[in-house]
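K.L.:
Each chain is listed here by its residues.
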Amino acid sequence: QQQVKQSPQSLIVQKGGISIINCAYENTAFDYFPWYQQFPGKGPALLIAIRPDVSEKKEGRFTISFNKSAKQFSLHIMDSQPGDSATYFCAARERTYKYIFGTGTRLKVLA
Amino acid sequence: EAQVTQNPRYLITVTGKKLTVTCSQNMNHEYMSWYRQDPGLGLRQIYYSMNVEVTDKGDVPEGYKVSRKEKRNFPLILESPSPNQTSLYFCASSPRARGRRTEAFFGQGTRLTVV
Numbered sequence: 060q061q062q063v064k065q066s067p068q069s070l071i072v073q074k075g076g077i078s079i080i081n082c083a084y085e086n087t088a089f090d091y092f093p094w095y096q097q098f099p100g101k102g103p104a105l106l107i108a109i110r111p112d113v114s115e116k117k118e119g120r121f122t123i124s125f126n127k128s129a130k131q132f133s134l135h136i137m138d139s140q141p142g143d144s145a146t147y148f149c150a151a152r153e154r155t156y157k158y159i160f161g162t163g164t165r166l167k168v169l170a
Numbered sequence: 466e467a468q469v470t471q472n473p474r475y476l477i478t479v480t481g482k483k484l485t486v487t488c489s490q491n492m493n494h495e496y497m498s499w500y501r502q503d504p505g506l507g508l509r510q511i512y513y514s515m516n517v518e519v520t521d522k523g524d525v526p527e528g529y530k531v532s533r534k535e536k537r538n539f540p541l542i543l544e545s546p547s548p549n550q551t552s553l554y555f556c557a558s559s560p561r562a563r564g565r566r567t568e569a570f571f572g573q574g575t576r577l578t579v580v
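Chains as they are written, first to last, in our numbering: chain Y, 60 to 170; chain P, 466 to 580.
Mixed in with the good hints there might be a few duds.
Claimed, not checked - Once the Cα atoms are required to be at most 25 Å apart in a straight line, the calculated DSS-like pairs of lysine-lysine come out as:
hint : chain 1 : residue 1 : chain 2 : residue 2
1    : P       : LYS534    : Y       : LYS157
2    : Y       : LYS116    : Y       : LYS167
3    : P       : LYS530    : Y       : LYS157
4    : P       : LYS522    : P       : LYS536
5    : Y       : LYS157    : Y       : LYS130
6    : P       : LYS522    : Y       : LYS64
7    : P       : LYS482    : Y       : LYS157
8    : Y       : LYS157    : P       : LYS522
Treat the hints as calculated values from the structure; they're not laboratory data. Remember, it's a predicted structure, so these values are computed and weren't measured experimentally.
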């Protein structure tokens with residue numbers, strides 16, 4: 060049973076374009092929603108995160124939009140760059156500190 | 466430097482030969498966990514530990530064991546590895562706190578092949 064559904068599985072974007080990755084969750088008890096970025100041969104690293112009492116969080120070119128009523132959140136990468144090419148995972152944390160991850164989105168930004 | 470260290474990074478073994486993948490963190494985090502990453506399936510939790518001597522099953526615990534005798538170490542044990550355990554494994558740690566810095570830190574990964 061997948062508690063966090065992520066789409067799309069892969070994404071190709073032109074340099075300078077906007078990359079959008081979506082996630083939906085079921086458990087209303089989740090209290091923290093991070094996005095992780097993973098480069099080949101590396102472990103995932105925290106990119107940006109949001110708590111459910113906030114509807115949007117922006118850090119540089121990266122923005123999380125959070126819709127609590129729809130139980131959805133998304134990552135927007137503005138002015139996408141080839142260096143952003145990586146796999147992105149959304150996640151949700153339970154109050155027990157357990158993380159549930161999405162299945163990942165492989166992003167490729169064309170130069 | 467804050468880090469989670471896994472060893473080995475790469476391992477090829479034969480079916481049935483017991484192995485241990487070590488994980489150590491230097492951030493004094495209470496919470497540690499093991500994940501396996503498989504194409505199309507994302508990161509699935511194998512086992513986790515809330516603190517020393519406290520461990521519990523994650524979503525895919527079959528064929529694995531863990532122990533948490535010290536706060537910094539959380540080894541993953543495969544008593545009798547099988548080919549379906551060929552995967553990329555990650556150890557992660559996070560603080561048991563709800564302040565600003567509550568992110569999970571991941572190790573570099575261990576690529577295991579069981580033949």
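K.L.:
What hint numbers does the structure not satisfy?
P.N.:
Of the numbered hints, just 7 does not hold.
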